[in-house]
Amino acid sequence: MTWTCEQTEARLSEYLDGLLTPDERYAFDMHVNACEHCVPLVASVSHLLTDLRSMEQLEPPPQLITSILNQTIGPRKTSKGWRGAFGWLSGLASPRFAYSAVSIAASMAILLAASGISLRKPKLADFYPGNIARSVDRQAHLAYAHTTKFVSDLRVVYEIQSRLNQDNNLPTTPETTMPQTAPGKSPGSTDSTRPDAPRQQNRANGIRRELEVLATEVPSASVSLCGRLLKRRIP
Amino acid sequence: MAQGNFWVKLVTVAGFEADDTLEQDAQLVQHCLQGDGSAWEELVRRHTRRIFNICYRFTGNGTEAEDLSQEVFLRVYKTLGSYRSAYGGFATWMSSVTRNLLIDHYRRTKRDRITDSLEDAMPVVENKESAGRRPDQQLLLGELSSQVQTALTKLSPELREAVILRDLQQLEYNEIRQVLDVPEGTVKSRINRGRIELARILQQMGVRPS
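Keeping their order, the protein sequence lines are chains V and P. Everything in the first sequence is counted per the working numbering, starting at 2 for the first residue and increasing by one. Everything in the second sequence is counted per the working numbering, starting at 204 for the first residue and increasing by one.
Next up, chain V with everything else stripped away, as it sits in the complex (with noise of 0.2 Å):
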């Protein structure tokens, strides 16, 4: 079958479209591959097709509906009485409401916590500007001052622990357990080791001096810790 640029110009869209006979889209394809005039026109309209089918569908506007059913069937009917006054009500009971009432109630209690407002006792002096401002910078400096405590008692536990573990990895052989006569100290010196008694003894009671001292200054946890600590690994 011989095939020519004007059968080829004439029926583009049925080779495009899939509705050629299987020996016309061999013709067809047997002239383009070796028609330079065909090519760009082939390649045009097919990159044509492909925008076309890229392009989406636009969506129309909101109000385009309402207006065609104002002017073919009326206003829609509206709700009259109790119903049509408390229709608006029904939009709240929906999730998407619920979980944005619960946040910003959360949010509420947080700023009113941090400013420090008593919802059990709420007072009209509360609600003043420079009171409030007052409370915040009151809040404010008390959680830093727990935070520093905080940290401060965190790092007396840590060295009291570093400590014992330095303690516990002692060597305990004979050797060196045994008294050694210290190079530039003489018997009866005036530190409070005893030269004759064990090394690791005499460590021992230098740490449970430390952990009294400390639990004298630092409170609460810590001191219970350290209490525990001097009953448990310190004979």
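By construction, these hints were calculated from the structure, which means they are not laboratory data. In this text the structure is predicted, and so the values were computed from the model without any measurement. One or more of the hints may lead you astray.
To be verified - Which bits of chain P does chain V cover? Going by a derived footprint, with three or more residues having C-beta under 8 Å, they are:
| hint | stretch |
| --- | --- |
| 1 | 241-255 |
| 2 | 264-275 |
| 3 | 397-409 |
Using N, Cα and C, we set each Cβ at its ideal position, and we do this for glycine too.
Fit chain P to the known structure of chain V by using the hints.
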């Protein structure tokens, strides 16, 4: 009446609309003819988007497309009694009404367009395409879509409607034949000439290298 409409909605929700669209439209039309307002509302909701898109692609103007869509539904509402399912699907019938209105509108506004084109001695593509279009619609269209839309409005109305129905509304050749009320050979010829002409216009606009 309301019960029939309920079943139509239920089937739509269940996701079986692809096969039952014609049947549902026919039922809704029957309910409309019996005075069921909710059936008409359902028909309007189902077809507004498609009709608006045909009008917009043909005119290239959002305001005109909105007015024409309203006019289409007003005419369909008034002439619903003349629709017979034997003529084809309701959507095809609506497309036919839309097409007739668009051609009427084109002829009615032809004089205005000639005046406009004489006033705009040096038309600028970007300015012309954005005329009468709202910013949200401008955003919806990509750059390429805008250029293709501009090129579409330069086609003759016969070729333009054929290309819109085939390539933007994805109608089959026999459906286009019903909408345009012309022989299938004419449909093929118009679609082919429309595509080639549109590709040529886009090349002249520099969208595609020649």
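Results for each hint:
1. Only when three residues or more bring their CB closer than 8 Å to a CB of chain V does the claim for the stretch 241-255 of chain P stand; here the count is 8, and the claim holds.
2. Chain V is given as covering the stretch 264-275 of chain P, and this holds because 4 residues of the stretch bring a CB closer than 8 Å to a CB of that chain, at least three being needed.
3. Evaluation of the coverage hint for the stretch 397-409 of chain P: fulfilled, as 7 residues show C-beta separations to chain V shorter than 8 Å, against a requirement of three.
Violated hints for the displayed structure: none, as all numbered hints are satisfied.
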